[in-house]
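A.B. asks: Now for the letters of each chain:
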Amino acid sequence: MSEFWIILTGALVASACGFLGCFLILRRMAMLGDAISHAVLPGIVIAFLLSGTRDSLPMLLGASLFGLLCTIAIQTLKNTGVQSDAAISVSFTSLFAIGVILVSIYTRQVDLDLDCVLYGEIAYVPWETVSLGGIELGPKAVWATGIALILSLVTTMVFWKQFKLCTFDPAMAAAVGIPVTLFHYLLMGLVSVTTVASFESVGAILVVAMLIVPAATAYLLTDRLSTMLMLSMTVGTVSSVAGYYLAKWLDASIAGCITVAAGLLFLTAFLFSPGHGIVTRRWIRRRLKLELANDSQRT
Amino acid sequence: MSLSHWWILPGDPNAWWVLSGTTLLGLTGGVLGSFAFLRKRGLMGDVLAHAALPGICLAFMLTGSKHPLWFLLGAAVTGLAASLVITGITRFSRIKEDAALGLVLSVFFGIGIVLLTHIQHSDHGNQSGLDSFLFGQAASMVESDVRLMGGVAVLLLVLSLLFFKELKLLCFDASFGRSLGFPMGRIDFLLMMFLVVAVVIGLQAAGIVLMAALLITPAAAARFWTERLNRMIIISAIIGAASGMIGTAISAAGYNLSTGPLIVLSATAMFAVSMVFAPRRGLLAKWIRLLETRRRVARERILSGLYDLLEQKRAETVGAAELEAVFPSFRRDLSVMKRLEKEGVLQLCRSGARISEIGLTPKGWDEARDTVLRLRMLDVWLMHEHELDQVLPDREREEAEIPESIRPKLMELIKRHNLDPSWHPRLHEGGSAS
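For the record, the sequence lines run as chains C and E. Heads up, the first sequence is in numbering that gives the first Met the number 0, so the first residue is 0 and it goes up one at a time. Heads up, the second sequence is in numbering that gives the first Met the number 0, so the first residue is 0 and it goes up one at a time.
Be careful, since some hints might not be right.
Covered stretches of chain E, as calculated for chain C (at least 3 residues, CB under 8 Å) [said to hold, decoys possible]: (1) 38-46; (2) 81-94; (3) 105-111; (4) 264-277.
It should be emphasised that the hints constitute simulated quantities derived from the structure, not laboratory data. Small disclaimer: the values here were computed from a predicted structure and weren't measured. Built from N, CA and C at the ideal position, the CB exists for glycine as well.
Hey, can you work out the whole structure from these sequences and the hints?
C.D. replies: The structure is reproduced here in C-alpha cells:
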C-alpha cells in the first residue's frame, strides 16, 4: 500500500508541476521554479517563529507569501531595466541568504530541521496521514498536492482563453483588454502555491525538475498547447512510476530517481521526437536525399 | 598594537586566511561574472554549482578519497558536461536557453542526489562531508584550502586578463568577431571553462547559492554605474571583493552568523544602493530626469498654448475661462502657472482669490515665441522631411535638436505656411522685445 501512495504522490506532484511548467516554458520563465524553491525559506522560518508549531498550514502560508514576493521582486527589477537572468538570480539568492541567517540565529532555540522542510523525503509520505473525525483519509501529501493540482486545473479551465493569449501574444492580449499583469500574477500565485504544497512532502529537487523537464519534453512532441499540457502530465506520471522502481533497484533517493527518469524521457524525445528529434530529422533528410538520387537516376 | 585588535577580526590567524580567501573569491566572481552577465549567462553560476554534486560523488566513488583536489576535478568535469549539454540542447532543439538551464540544473542535481544516496546506503566507508562540501563553510577554511583556492583564482584572473580582448568581443558582438576570424565558439567555451573553475573553487568556501550570487550580483550592480566594459569589470571586481570582505568581517564579529549568506547580503545591499543612487541609470537619477522633463513639457505646453491663443485673438491677455476651455487639465496647470508667475514669465491678474486674466511678461513673450517657433519648426520639418533630405529623429520628437544647417530652410517653410509667430504686442507698439 505504501508503494501505491508514494507513486500516487509522485504522479500528483508531476502532474501539477508539469501542467504549470508548460506555461513557464512558453513564457521563458523556466528558472522561476528554482528561484521560488529557494526564496520561500525565510517565509517558512518566519511562519515557524510566529506560529511556534511545525504545522503545515502556517508554513504553507508563509512560504507561498515569500514565493509570490520573489516573483514580484523579479518583475520589479525587470521593470527598472535589470536583465532578466540577473533579476531572478539577485532576488532568490538574497531571499535565501536571509532565510539561512534567520535559521542560524534561531536554530539554537528551536528545532527546525531544514532537511524536513526544504528537502522533504517522498519515502515518508505514507506515514504522515490526515484523519477527520477519527477516519483515516490517507497521506497528507496526497491531499496537499491533489488540491494544488485541482486548483491549477480549474483556474486554467475557467480562464483558458486568457491564459493562452497571455502566453503566446501578451501584446495582443493587452490590446483586446485582458489584464495581462493580473494573469501573470495569477499564474505566479499558482506556481508558488503548487511549489510550496509539493516540496514539503517531496523536496525541492523534484519540484524544480517537474516544473521544467516534462514540459520541455512535451514541447518537443507537439505544437498544440492543450496536447502539450496532456503530454507533460503524462510524461511526469510515467517518470514517477519509472523513477520509483529505479530507486528501489538502485537503493537511492526516490525523488532523485524520478528526476533522472524524467531526464531520460527528455533525452528520448530530444533524439527521436517525430517532428523535432535530431536523429529523426537526420533520418528523414537521408531518406529524402536517397529518393532524390533515385529520381535523378531514373530520369 | 596589532592590526587584528584594531580591526573587528579576532587575533586568530586563520580568520585572516578566511578573509583573504573570501575577498579573492569575490574579486574573481566579480570579474568573471561581468562577462557571464553580458553574455546573458547570469544563471550559469547556479547551474554549474548544482552540476558539481554528481561530479563530487563520482570522484568519491572512483577514488574513495575525500581530497579536495579530486572533488574539484570531478566537479569541473560534470560542470563542463553540463555546459556542453546546455549548448547542445539550445542548438539542436527548439528549447530556449532558460528552459535548457533549468532542465540541466535539475537533472544533474537529481543524478547527484541519486549517487549521494546510493553512496550513503551502500557501504562506502566514511562518506560524511560530501554534502557539506556543497553547502559551504567559509569559516572552516584553513590555510591550505585558501592557498589552493587563491592560486586558482589568481590564475583565472591572469588568464582573463590575457584573453581580455577576445572575451570583450564575445560579449559585445560575437558575429563581428567571427567575421574577423576569431574562433568565437572556442572563446565561448573558454569563458565557460573559467566559470566552471570559479564555481568549483568557490563551492567549498561558499556553497551553491553564494556562488550563484557572487557571479551575478556584483556585475548587475556594476552595470548601473557605467556603460563601458573596462570600468564595469573594475567596479564589479571591487563590489565583489568588498562583499567578501564585509560579509566575512560581520561574520567574524560574533553572533555566530554564517559567512556565505552574509556575503550574499552584502552584495545585495551594494546592488540596492547602485540601483537607487547610480548616476544616469539609477532610480533616483531617472526619477529626477522624469520630473525635470515633466516640468519642462508642462512649461512649454502652457507657454505655447497661451501664445497660440493670444496670436489668434491678437490680444495681450486672455481670460481664465477661455484658457480653461482650451486646456483640458487646467486645474493642474494652474500650479505650474503660479510657478511661472514667480519666475517672472507669466502675469496673472486676480480678482479676489480667483485668477481672471492671464498674460505674458516681456521675458515671457520672448520665451513663448522661441518655444512656439521651435515647435512649429519641428512640425514643418516633419511635413517636409523629403524636401529637407533630413529625417526627424523619431524618438522623443519634442526634445530633438534642430540642426543649424536646416534652420533657414525651416524658417522659409514656416513663412510659406503662414506659421510665423510674429504676434508681439510690444513690438507692434514699437517697443523692444527685451
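A.B. asks: A separate judgement is required for each hint: does it hold in the structure or not?
C.D. replies: Evaluation of the provided hints:
Residues of the stretch 38-46 of chain E lying with their CB closer than 8 Å to a CB of chain C number 6, which satisfies the three-residue condition for coverage. With a threshold of 8 Å between beta carbons, the proposed coverage of the stretch 81-94 of chain E by chain C holds, since 5 of its residues qualify and at least three are required. With a threshold of 8 Å between beta carbons, the proposed coverage of the stretch 105-111 of chain E by chain C holds, since 6 of its residues qualify and at least three are required. Judged by the Cβ-Cβ criterion of 8 Å, the stretch 264-277 of chain E is covered by chain C as claimed, because 4 of its residues qualify and three suffice.
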